[in-house]
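Enquirer: Use these hints to put chain B onto chain A, whose structure you have.
For reference, the chains in residue letters:
Protein chains: 2
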Amino acid sequence: MLFSHEEYQEYQQRFMNTKKRMEESGVDVLLITNPSNMYYLTGYNAWSFYVEQLVIVINDRDQPIWLGRYMDAAGAKMTTWMEAGNILSYPDDYVQSMTRHPMTFVADFLIDQGLSHKHIGVEMDAYFFSALSYEKLKQKLPDAHFKHAGLLVNELRMIKSDTEIEHMKKAGQIVQNAMYTAEKAIYPGARQCDAAAEIYYDLISGTPEFGGDYPAIVPMLPTGERTAAPHITWSDQPFKEGELVIVEMAGCYKRYHAPFARTISLGKPSEKIEALSKIVVEGLNAALDIVKPGVTCEEVESAWRQATSRYGIEKEARLGYSTGLSYPPDWGEHTASLRPGDQTVLQPNMTFHLIPALWFDYEGIEISETFRVTETGHEVLSHYTRDLIIKGDLDIAPVIS
Amino acid sequence: MLFSHEEYQEYQQRFMNTKKRMEESGVDVLLITNPSNMYYLTGYNAWSFYVEQLVIVINDRDQPIWLGRYMDAAGAKMTTWMEAGNILSYPDDYVQSMTRHPMTFVADFLIDQGLSHKHIGVEMDAYFFSALSYEKLKQKLPDAHFKHAGLLVNELRMIKSDTEIEHMKKAGQIVQNAMYTAEKAIYPGARQCDAAAEIYYDLISGTPEFGGDYPAIVPMLPTGERTAAPHITWSDQPFKEGELVIVEMAGCYKRYHAPFARTISLGKPSEKIEALSKIVVEGLNAALDIVKPGVTCEEVESAWRQATSRYGIEKEARLGYSTGLSYPPDWGEHTASLRPGDQTVLQPNMTFHLIPALWFDYEGIEISETFRVTETGHEVLSHYTRDLIIKGDLDIAPVIS
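Sequence lines, in order, name chains A and B.
Remember, this note's numbering sits 55 above the position in the first sequence when you count from 1.
Remember, this note's numbering sits 55 above the position in the second sequence when you count from 1.
For reference, chain A alone in the conformation it holds in the complex:
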């Protein structure tokens, strides 16, 4: 693949930063299995993370190594900046086999390179580094010193470059458009799956200027009693008059996300819900208001807490988390969270999904913003009313049978 000079420089910088962090952590060889980290360091971008694959950073080499399934090596050559000699692959009979495991192939490679006694960093809590993968490595490399280097690269990703911010703003624009569509597509009588399909169309098609990428989580549309259960997906049942519908989704551009949530009331909401929605927005605004460089994550949460506790509101879950580059199943970066005890200090170009959701026994509300920390405060990536969206009789589209 051809990269511009700037792109090439950015990859080089990320690679050097990783090697520096490795040195500080006493890691000689880093095995990267998190697809987001693989993409961040090499540009590798394909839906192949359902088989074992990794990027290997060796402290005295001048390029990372991609190692994966034979059929995916072609994609690695097309999407990464490394020379072809640094793209390695294992044969297909290692895939989902009862008798062979790809990590034994990886271990053999490390032995062959004289690295079997080194300090080897592994992403112990990455989604696609299984317990079995680790056991296989340990069996084949008894002299290696393994070290949990789970967030070594994730932490580098927290402060975005200007290019990354541009990507996230495009994602913010995509999801903003999709929310307009959601508002139109969700009405009593419409099937949930049809609304989800309309939303998906917008998220993938994007805008006339740039297309959308697949988000790391599908759009979630809990409705009625199911608004109390945030991660339930759509069914083929129709929306009903009087129900609440939560829309939680992300726009995605070149794997960069802008998550976003709003709540729609199909008809006049109860007084309780209308009042709660105002409290959520008040708390959301209060939290955003104090965002600026130097403030800690827990201070942002505390601003929400102060604004809402006077109403007797207590939120069990964290208020938000660092977001940006991601692959399924999560658009969070697994580093900083907006919650008590997290003393991460905000810096310019950090990006968070601030999601003050409240769930009760039989209903829930979510109203969220993805924001960037600027030099002096914050900016949000999508622009949409924060109020509870009330669809009155006039707004309700006719039932299509």
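Calculated directly from the structure, the hints in this document are not laboratory data.
Backbone N, C-alpha and C define an ideal beta-carbon position, used for all residues, glycine too.
Check each hint, because a few of them may be wrong.
[Said to hold, decoys possible] From chain A, some residues computed to sit far from chain B (all C-beta separations above 12 Å):
| hint | residue |
| --- | --- |
| 1 | TYR63 |
| 2 | PHE70 |
| 3 | ASP115 |
| 4 | ASP117 |
| 5 | THR154 |
| 6 | GLN168 |
| 7 | LYS224 |
| 8 | ARG246 |
| 9 | GLU296 |
| 10 | GLN361 |
| 11 | GLU371 |
| 12 | THR431 |
[Unchecked claim] When the alpha-carbon atoms are kept at most 30 Å apart in a straight line, the in silico DSBU-like pairs for lysine-lysine are as follows:
| hint | chain 1 | residue 1 | chain 2 | residue 2 |
| --- | --- | --- | --- | --- |
| 13 | B | LYS195 | A | LYS193 |
| 14 | B | LYS173 | B | LYS132 |
| 15 | A | LYS193 | B | LYS193 |
| 16 | A | LYS309 | B | LYS239 |
| 17 | B | LYS370 | B | LYS295 |
| 18 | A | LYS132 | B | LYS193 |
| 19 | A | LYS295 | B | LYS309 |
| 20 | A | LYS370 | B | LYS132 |
| 21 | A | LYS327 | B | LYS295 |
| 22 | A | LYS132 | B | LYS309 |
| 23 | B | LYS132 | A | LYS333 |
| 24 | B | LYS202 | A | LYS202 |
Expert: Okay, now just chain B, sitting in the frame of chain A:
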């Protein structure tokens, strides 16, 4: 959630079958982290597998236990057949924390129940059972005997019930419709993201009679040189005259999949590609022709090999795999593969994705079928021409600017 008597019976049967397999394998307590296995045993269905969650089967209890994040317990109560006392949760400050890990909560539960010295089965190679999760369990439960029970439930899932087959046939109908849409949406000048959006719309909306669910893998549309790299997803660039485009996707209904692939030539294909496509179809037909109960997986692959080797064709990758119930990132079941050495014996209501794809340096072809093993042979789940789809000048829609 309300279940019909038949549904309840099916869950009971699956639970009893699991306990029987546990007894045969010397497992007292089974920790199930694969979301497909969780759904299979309990009905739990939500996009919450990005945090630690599991179903625990204890050999002398009469219901499984769901254990997950506090905010997801509401969804577990809504979607599973167990009584509320068997839905347990850990507080949100365990989520993606540097200081606490959900598996220590799980270990404490097992200690509390007097199970800390038992034979504990774990799905060592499940996507969402991380190396760190296993380490945490081992640290907290030094007297336990851990056993790799990775495919214990997966293997039960291989033979589908009639209800499951009905779900898969609906998925087959959905993807068949989506392929018609793909054929229309893919033409020179159309952006790849717009074609992907059209396809997605169909997959999610489904049919007027039943809606679609999200497939475990996004539609893949490698085009031009990228047809050599099977797992690359769409871009926002336009399709070009003369290119090949591979469409690989699955219909999904209630988490049951019918994967499907076809190849489209935008304009007259090269003689080589036209000839290759005929060989692929000949091999595909030959493999399907020998499918019936009693035949082994490797014999199916061998039929393909015999039909195509006379043309000098050699396929590096496996020819197919068991498919059905799944969550991202894979629609395969990780049990049987159609490849040399796999002596799994076909039985009625097993279901496979037979995908005789060929990839060369600069191009590739995929033409696939998902089939069910019947009492006497096979039936495919989608009905669509197997030929290379050639879009001539007359078929090409005008470029929309």
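Enquirer: Give a verdict on every hint.
Expert: Checked hints:
With a closest Cβ-Cβ approach of about 20 Å to chain B, A/TYR63 is found to remain outside the 12 Å limit, as its non-interface label requires. No beta-carbon of chain B is positioned within 12 Å of the beta-carbon of A/PHE70; the least distance is around 23 Å. Under the 12 Å C-beta cut-off, the non-interface status given to A/ASP115 relative to chain B holds; the minimum distance is some 26 Å. At the 12 Å boundary, the C-beta of A/ASP117 stays outside the reach of chain B, the nearest C-beta of that chain being 25 Å off.
With a cut of 12 Å on Cβ distances, A/THR154 falls inside the contact zone with chain B, its closest approach being about 8 Å. Distance check on A/GLN168: its Cβ is at least 22 Å (rounded) from any Cβ of chain B, clearing the 12 Å threshold; non-interface status holds. Consistency note on A/LYS224: stated as away from chain B, and its beta-carbon is indeed over 12 Å from all of that chain's, at 16 Å minimum. Consistency note on A/ARG246: stated as away from chain B, yet its beta-carbon is not over 12 Å from all of that chain's, at 6 Å minimum.
Distance check on A/GLU296: its Cβ is at least 20 Å (rounded) from any Cβ of chain B, clearing the 12 Å threshold; non-interface status holds. The beta carbon of A/GLN361 sits about 19 Å from the closest Cβ of chain B, which is more than 12 Å, so the claim that it is off the interface holds. With a least CB separation of 5 Å from chain B, A/GLU371 falls inside the 12 Å interface cut-off, contrary to its annotation. Residue-level check passed: A/THR431 sits 29 Å from the nearest beta carbon of chain B, beyond 12 Å.
Using a Cα cut-off of 30 Å, the hinted pair B/LYS195 and A/LYS193 holds, with the two alpha carbons roughly 20 Å apart. Restraint check: the Cα-Cα separation between B/LYS173 and B/LYS132 comes to about 28 Å, which is no more than 30 Å; the hinted pair holds. About 15 Å separates the Cα atoms of A/LYS193 and B/LYS193, which keeps this hinted pair within 30 Å; it holds. Straight-line distance between C-alpha atoms of A/LYS309 and B/LYS239 comes to about 26 Å, which keeps the hinted pair within the 30 Å bound.
For a cut-off of 30 Å, the pair hint linking B/LYS370 to B/LYS295 stands: about 28 Å separates their Cα positions. The suggested pairing of A/LYS132 with B/LYS193 is violated, with an alpha-carbon distance near 40 Å, which exceeds 30 Å. Distance hint between A/LYS295 and B/LYS309 is fulfilled; the C-alpha atoms sit about 21 Å from each other, no more than 30 Å. Using a Cα cut-off of 30 Å, the hinted pair A/LYS370 and B/LYS132 holds, with the two alpha carbons roughly 20 Å apart.
Distance check on the hinted pair: A/LYS327 and B/LYS295 sit about 56 Å apart at the alpha-carbon level, beyond 30 Å; violated. A threshold of 30 Å between alpha carbons decides the hint, and for A/LYS132 with B/LYS309 the separation of about 37 Å lies outside it, so the pair is violated. Distance check on the hinted pair: B/LYS132 and A/LYS333 sit about 29 Å apart at the alpha-carbon level, within 30 Å; holds. The straight-line distance between the Cα atoms of B/LYS202 and A/LYS202 is roughly 24 Å, inside the 30 Å bound, and the hint therefore holds.
Consistency note: the structure conflicts with the earlier hints numbered 5, 8, 11, 18, 21, 22.
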